[in-house]
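Protein chains: 2
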Amino acid sequence: MKPIKVAIIGFGTVGSGVAKLLLEERERLARQVGCPLELARVVDVDLERPRNVRLPPGLLTDQLSTVLEDPEIQIAVELIGGLEPARTIVLRLLEAGKDVVTANKALLAEHGTELFEAARKYGRSIAFEASVAGGIPIIAAIAESLAANQIQSIYGILNGTTNFILTQMAEQGSMYADALRTAQQLGYAEADPSLDVNGTDAAQKLAILAHLAFGVHVRWQEIPRTGIDTVQAADMKYAAELGYTIKLLAVAELVGGGLELHVSPTLVSRHNPLAHVRGAFNAIRVVGDAVGPVFFHGQGAGQMPTASAVTADIISTALGRTAITFRTLRLWSPDRPSVVPLRDPAAISSRYYLRLNVEDRPGVLAEIAGILGAHQVSIASVIQHETEEPGDHPMVPLVIMTHSAPAGKLAESLAKIERLSCVEPGVVCMRVLS
Amino acid sequence: MKPIKVAIIGFGTVGSGVAKLLLEERERLARQVGCPLELARVVDVDLERPRNVRLPPGLLTDQLSTVLEDPEIQIAVELIGGLEPARTIVLRLLEAGKDVVTANKALLAEHGTELFEAARKYGRSIAFEASVAGGIPIIAAIAESLAANQIQSIYGILNGTTNFILTQMAEQGSMYADALRTAQQLGYAEADPSLDVNGTDAAQKLAILAHLAFGVHVRWQEIPRTGIDTVQAADMKYAAELGYTIKLLAVAELVGGGLELHVSPTLVSRHNPLAHVRGAFNAIRVVGDAVGPVFFHGQGAGQMPTASAVTADIISTALGRTAITFRTLRLWSPDRPSVVPLRDPAAISSRYYLRLNVEDRPGVLAEIAGILGAHQVSIASVIQHETEEPGDHPMVPLVIMTHSAPAGKLAESLAKIERLSCVEPGVVCMRVLS
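Just so you know, the sequences run in chain order A and B. Residue numbers for the first sequence, in the working numbering: 1 to 434. Residue numbers for the second sequence, in the working numbering: 1 to 434.
Quick caveat, the hints were computed from the structure, so don't treat them as lab data. For glycine and all other residues, C-beta sits at the position ideal for the given N, C-alpha and C. Each hint should be verified, as a subset may be incorrect.
Unchecked claim - In silico negatives: residues of chain B with every beta carbon more than 10 Å from chain A:
{"#": "1", "residue": "H111"}
{"#": "2", "residue": "D289"}
{"#": "3", "residue": "I371"}
{"#": "4", "residue": "V432"}
To be verified - Once the Cα atoms are required to be at most 20 Å apart in a straight line, the calculated DMTMM-like pairs of lysine to aspartate or glutamate come out as:
{"#": "5", "chain 1": "A", "residue 1": "K2", "chain 2": "A", "residue 2": "E38"}
{"#": "6", "chain 1": "B", "residue 1": "K20", "chain 2": "A", "residue 2": "E25"}
{"#": "7", "chain 1": "A", "residue 1": "K409", "chain 2": "A", "residue 2": "D335"}
{"#": "8", "chain 1": "B", "residue 1": "K237", "chain 2": "B", "residue 2": "D46"}
{"#": "9", "chain 1": "A", "residue 1": "K237", "chain 2": "A", "residue 2": "D178"}
{"#": "10", "chain 1": "A", "residue 1": "K20", "chain 2": "B", "residue 2": "D289"}
I would like the entire structure built from these sequences, with the hints used as guidance.
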């Protein structure tokens, strides 16, 4: 039977993994597609760097035109990453009549509307299972398997790098900087880890999931986000003492007809399965109005888990399933209405963990509690250990867990508390999830 | 736009749930399909029983012919359950040109080949997401999202009734009979619970997953299975003492080029996420050679979770995705080769938990250990508490955890041990999973 020809653009870690599957598992994939998938071309600017897969001679090229001008290549896989030249290349591939598969969450979060409109204009499709949570089939789950549901909430650990760092801190008692260094040594974090640790990566993935599940057109930059670079060993210790662990959570939740979106380090109760997601794994808890809660857990990154998701998209594109889903869902289309409005971040309620360094003298707790109370922020519990240091009135840590309170009210009270002379600047504040 | 007409055959709990979604969520479903889904007919022998959904007048009928003879009805949903008349009805629906959606695992496990051949003959499709694990999209995951992988193992809690009973026993210290009664009172177990508690239901679901993931044509009756009706409160207690909990696991695993299949109550380590699946929930851990482990957790039964899966199948059938998958995978086809042979159950190795009542006198442990050793069954740990009862040589419980040993060797040694005069008949033996 006539093979379906595939090109890979971007021969890095994931590109090599996809090439490996296409070359080494031909028979298996042919069974899944009903005809062979032929890797016809691999494009990369670097023709020399060694990869862990051996390509047949003549396949690797630095000329994108060999793909654009070959009408037999039906599917092009963009694995370059980043915004440019990925954006321009995807537009040219679509214009040349190729269906596109991509793992590029930054590209979709930033240029989704432009790319999906181009795909519609040229009658092509874009598949992007690998762009969120690597090997976990969360895109297919929300777009197809849970299609009968109004999704009510999505709570995700969507960034493996930060989850690895937080796990190191929780389990080894490491400081943030040491845990980051370990992550870099083991290849879980890049030399410049800022897009992971500052929450950008998770916010981009959340923007994609929120569009898919709720139809909202949200720029990822608008999603309130806090990174993990401010999480301290002391907070890990107090969290553990209180029965929690700290995770970087990406949250999309319908509340009172509006959508809450945020990415932030959160104290997660040990009774919640998200607390037990360790190392570089990802996990997502989705609640649908019919299905109830569904929990997914798997490897969110890495060569072969990501290649598994990319190759599933190649198979579905080759079979024509992707074209149907693409045509029907009209994602990132200007005429696809937002089903729900975004909620004002200040109105989003949560329980909070606060850690303050305060003077060890009578009346301090009363002053702080008074300010919180005046803003209707109610205290659930307090930890203040006896100081072990000698001397008069040293600074001591004070940990407060609040009942549920709107973010805006909490921020107002914290601004006042930080102005108290008995409180050191730099109050730590994190959400709490039961 | 012209609606796609759907009929529901079997207006019980799940049928009412699907009707509810089709009637009350028209707009939402129309968005997912690109045109309205119209519930055109509901067929049931019982026209009187009250259900928790109000049908428009004239929709409910006891005449299947109204569906068979209406060429506008494209999709028929079989929710009768059981073998007959479900089998005959599905065959007639296919012959009449309807695509079929079903939640009936018993029907597929028993008559899959006949039904799927009939669907191919008449150019129709059968979708069955709801037949395994209710709201968890495990069929789509294995058939589509993990299609690039050779699945290596599936470990599942596939029966909510037994998991509810085992959870009651583990958390409340209930006896089996009391936990079963609670399950019946709460609607989690039927008046005759035998198909659930004896492992039949889980074995039928496992047969479906094993066919999907490994291509094996296995009759569910051939799958070695043990029910939970022999699990005693004492075993729950010892399991907890050892750091385990008892779950009814359905297992399909590639070992040395052969496929192991079995359903049995298993001591699952508390470090394994399957140990924390509570109540009527289901969970499945799938390992693929590319993706690694992926874990799914959700409601395995119940009206709306099952209706969510059925309705997703209706959507995919209406869109034409199901036809593509059905045509390509050629499930239950005589010409779809079994990729792997089944392993001899006697050769399947596992760690084991043994509980024996033995005479409390010197030499007993040595005798038992000697027999195990002679069959190359190695002991990992032993619990024998001091007896609290007065008197000479009373019977005392002896608990042994073995290292990994083949089922056949273990059975041989147990047969000999049970013949010892110092051992009461009825040795308890369960697999152990780390």
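Status of each hint after checking the structure:
Every beta carbon of chain A lies more than 10 Å from that of H111(B), the smallest distance being close to 24 Å; the non-interface claim holds. The beta carbon of D289(B) is not kept farther than 10 Å from every beta carbon of chain A, the shortest such distance being approximately 8 Å. At roughly 40 Å from the closest C-beta of chain A, the C-beta of I371(B) stays outside 10 Å, upholding its exclusion from the interface. Once the 10 Å rule is applied to beta carbons, V432(B) is consistent with being away from chain A; the minimum gap is 21 Å.
Distance hint between K2(A) and E38(A) is fulfilled; the C-alpha atoms sit about 10 Å from each other, no more than 20 Å. Our distance criterion of 20 Å between C-alpha atoms is broken by K20(B) and E25(A), whose separation comes to about 44 Å. Of the supplied pair hints, the one linking K409(A) and D335(A) is violated, its CA atoms being roughly 37 Å apart against a limit of 20 Å. Proximity of K237(B) to D46(B) is assessed by CA-CA distance (about 46 Å); at most 20 Å being required, the pair is judged violated.
Between K237(A) and D178(A) the CA atoms are separated by roughly 16 Å; this keeps the pair inside 20 Å, and the hint holds. The suggested pairing of K20(A) with D289(B) holds, with an alpha-carbon distance near 12 Å, which does not exceed 20 Å.
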